[in-house]
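Q: First to last, the sequence lines map onto chains U and F. Heads up: the first sequence runs through residues 60 to 323, numbered per our numbering. Heads up: the second sequence runs through residues 60 to 323, numbered per our numbering.
Don't read these hints as lab results, they were simulated from the structure. Treat the hints loosely; a few may be bogus.
One copy or two, either will do: identical chains are not told apart, so a pair holds if it fits within one copy or between any two.
[Claimed, not checked] Here are the simulated DSSO-like pairs of lysine-lysine, each with C-alpha atoms no more than 30 Å apart in a straight line:
#, residue 1, residue 2
1, K235, K67
2, K67, K133
3, K316, K235
4, K232, K200
5, K296, K235
6, K232, K147
7, K235, K78
8, K67, K296
Owing to the predicted nature of the structure, the values given are computational and were not obtained by experimental measurement.
Protein chains: 2
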Amino acid sequence: MQVSSLPKHAREVRALIRKGELVQPTSGIAPGHVQTNLAILPKDLAFDFLLFCQRNPKPCPLIEVVEAGNTEPKQTAPGADLRTDTAKYRIFRHGKLVEEVTDLSDYWRDDLVSFLLGCSFSFENALINAGISLRHVEQNKNVAMFYTNIQTVPAGVFSGPMVVTMRPIPRDKIVKAVQVTSRFPGVHGAPIHIGDPAAIGIKDVTKSDLGDSIEIRDGEVPVFWACGVTPQAVAMKSKPPLMITHSPGYMFITDLKDEDVSVL
Amino acid sequence: MQVSSLPKHAREVRALIRKGELVQPTSGIAPGHVQTNLAILPKDLAFDFLLFCQRNPKPCPLIEVVEAGNTEPKQTAPGADLRTDTAKYRIFRHGKLVEEVTDLSDYWRDDLVSFLLGCSFSFENALINAGISLRHVEQNKNVAMFYTNIQTVPAGVFSGPMVVTMRPIPRDKIVKAVQVTSRFPGVHGAPIHIGDPAAIGIKDVTKSDLGDSIEIRDGEVPVFWACGVTPQAVAMKSKPPLMITHSPGYMFITDLKDEDVSVL
Numbered sequence: 060m061q062v063s064s065l066p067k068h069a070r071e072v073r074a075l076i077r078k079g080e081l082v083q084p085t086s087g088i089a090p091g092h093v094q095t096n097l098a099i100l101p102k103d104l105a106f107d108f109l110l111f112c113q114r115n116p117k118p119c120p121l122i123e124v125v126e127a128g129n130t131e132p133k134q135t136a137p138g139a140d141l142r143t144d145t146a147k148y149r150i151f152r153h154g155k156l157v158e159e160v161t162d163l164s165d166y167w168r169d170d171l172v173s174f175l176l177g178c179s180f181s182f183e184n185a186l187i188n189a190g191i192s193l194r195h196v197e198q199n200k201n202v203a204m205f206y207t208n209i210q211t212v213p214a215g216v217f218s219g220p221m222v223v224t225m226r227p228i229p230r231d232k233i234v235k236a237v238q239v240t241s242r243f244p245g246v247h248g249a250p251i252h253i254g255d256p257a258a259i260g261i262k263d264v265t266k267s268d269l270g271d272s273i274e275i276r277d278g279e280v281p282v283f284w285a286c287g288v289t290p291q292a293v294a295m296k297s298k299p300p301l302m303i304t305h306s307p308g309y310m311f312i313t314d315l316k317d318e319d320v321s322v323l
Numbered sequence: 060m061q062v063s064s065l066p067k068h069a070r071e072v073r074a075l076i077r078k079g080e081l082v083q084p085t086s087g088i089a090p091g092h093v094q095t096n097l098a099i100l101p102k103d104l105a106f107d108f109l110l111f112c113q114r115n116p117k118p119c120p121l122i123e124v125v126e127a128g129n130t131e132p133k134q135t136a137p138g139a140d141l142r143t144d145t146a147k148y149r150i151f152r153h154g155k156l157v158e159e160v161t162d163l164s165d166y167w168r169d170d171l172v173s174f175l176l177g178c179s180f181s182f183e184n185a186l187i188n189a190g191i192s193l194r195h196v197e198q199n200k201n202v203a204m205f206y207t208n209i210q211t212v213p214a215g216v217f218s219g220p221m222v223v224t225m226r227p228i229p230r231d232k233i234v235k236a237v238q239v240t241s242r243f244p245g246v247h248g249a250p251i252h253i254g255d256p257a258a259i260g261i262k263d264v265t266k267s268d269l270g271d272s273i274e275i276r277d278g279e280v281p282v283f284w285a286c287g288v289t290p291q292a293v294a295m296k297s298k299p300p301l302m303i304t305h306s307p308g309y310m311f312i313t314d315l316k317d318e319d320v321s322v323l
């Protein structure tokens with residue numbers, strides 16, 4: 060479906076997704092609404108995972124946690140159903156992807172706790188609005204992602220290195236990029252590193268570990284932000300018996316507007 | 060002991076407290092260091108309480124959570140021991156205060172999870188540094204606290220109204236007070252209400268529910284901030300079999316500096 064012909068409100072978009080009429084990546088859909096990463100885990104891992112997010116707010120910015128037995132994110136998407144309102148889900152067992160589905164109803168259990176984590180779409184909109192163009196958006200590519208040597212703060216069974224996204228920023232716009240993204244701590248916030256990829260363990264910044272490789276031109280500096288892939292990577296490492304996530308790019312869309320997760 | 064004769068670093072102050080040589084309220088002690096409210100609960104209530112804090116960050120700003128079996132806040136006060144390094148503790152059983160002690164060693168259990176929550180001392184320093192004098196500090200009184208009709212977002216067994224602190228601010232300094240405290244979301248952050256006490260369910264702003272009553276003079280407006288008493292009040296309402304807190308005014312002092320919990 061053409062993005063331009065879609066309804067503008069998150070609620071109406073979710074209704075289309077629920078009916079199976081919209082199965083496509085959600086970038087650019089319901090513009091201005093906060094989109095989220097989804098991580099669903101059994102209750103006996105939920106305290107450790109919640110604590111991991113609390114200790115690592117930059118890679119794991121919590122937008123909402125839906126308690127066991129519930130499927131409705133009452134605070135950020137009242138009326139939604141987490142089993143049906145994301146277009147594609149991935150089912151992992153003991154850390155292995157076993158299936159990709161469009162409906163979780165057959166997989167749902169009453170002991171599952173759902174974590175909605177901020178995604179970078181919100182701060183990318185803010186960067187673009189501030190006149191900072193983003194190459195991967197212009198080239199219609201996925202953002203470049205890298206594993207780093209920055210260790211997250213462990214919590215219970217969860218530990219591991221931080222994954223970051225990289226965006227090339229013209230040197231004279233770095234200050235602005237820091238200012239703009241600092242306003243959005245709920246969706247990864249300020250950069251965690253500017254320049255010198257080797258200092259955070261990245262050997263070749265022209266070859267991404269995940270997503271697409273993105274060219275860095277003369278006069279541009281690679282700027283790194285904490286990435287929402289981190290909590291998934293860390294959770295998977297602990298090989299939970301069951302973990303459900305959204306499929307990459309197929310985010311859960313909340314009713315929140317970008318400004319709802321900004322400070323100052 | 061005179062505050063002026065005390066060591067300036069948090070670590071040295073905690074050593075004195077551990078030896079029982081410093082049993083007094085901690086306001087003004089180890090200046091510039093982040094002081095915290097302490098809430099200690101059995102592990103089976105820890106997920107709900109952590110989630111309550113996540114959902115209510117203004118009254119419950121988490122500085123650190125120490126997992127069951129541990130007594131050292133490794134991130135914010137390495138080397139400290141939560142059983143001995145606060146000068147006075149309160150032991151509550153089923154919501155009732157049963158004892159006030161200076162050492163938790165006899166009460167400690169391996170299933171206890173400790174929550175360190177930001178306290179307003181940090182943002183009060185920032186207000187004073189910004190030229191906004193605080194009457195309760197000048198008069199050496201406790202800050203005025205009120206129960207409100209603002210409901211917190213419930214989590215599991217925890218729910219209840221928000222407790223707020225009130226500080227009279229000259230009308231021409233309200234904007235500055237909002238700006239200064241907005242920089243400190245980790246210690247209650249921006250006000251939750253300005254003026255009109257009745258709008259948040261406060262009948263008589265000259266008579267505080269907790270702490271001391273504080274006079275509001277001509278040209279001043281009562282400004283309200285979320286209060287760290289909220290999580291204790293909410294937890295107590297659920298009558299947990301055991302809950303341990305610091306005694307009011309006798310805070311746990313971390314190694315963090317105020318600027319460590321600021322944004323922008």
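Q: Give a verdict on every hint.
A: Each hint, compared with the structure:
Taking the shortest alpha-carbon separations for K235 and K67, only the intra-copy value of 29 Å comes in at or below 30 Å, while the best inter-copy value is 37 Å. In this assembly of identical chains, K67 and K133 lie within 30 Å of each other by CA distance solely inside one copy; the values are 20 Å within and 46 Å between copies. Both within a single protomer and between protomers do K316 and K235 lie at most 30 Å apart by alpha-carbon distance, with minima of 22 Å and 27 Å respectively. Proximity of K232 and K200 under a CA criterion of 30 Å is satisfied intra-copy only: 22 Å inside one chain copy versus 48 Å between copies.
Taking the closest pair of Cα atoms, K296 and K235 never come within 30 Å of each other, the shortest separation being 36 Å inside a single copy and 47 Å across copies. Taking the shortest alpha-carbon separations for K232 and K147, neither the intra-copy value of 36 Å nor the inter-copy value of 51 Å comes in at or below 30 Å. Taking the closest pair of Cα atoms, K235 and K78 never come within 30 Å of each other, the shortest separation being 42 Å inside a single copy and 50 Å across copies. When the C-alpha separation of K67 and K296 is checked against a cutoff of 30 Å, the pair qualifies neither within a copy, at 38 Å, nor between copies, at 43 Å.
This entry does not satisfy hints 5, 6, 7, 8, going by the numbered hints stated previously.
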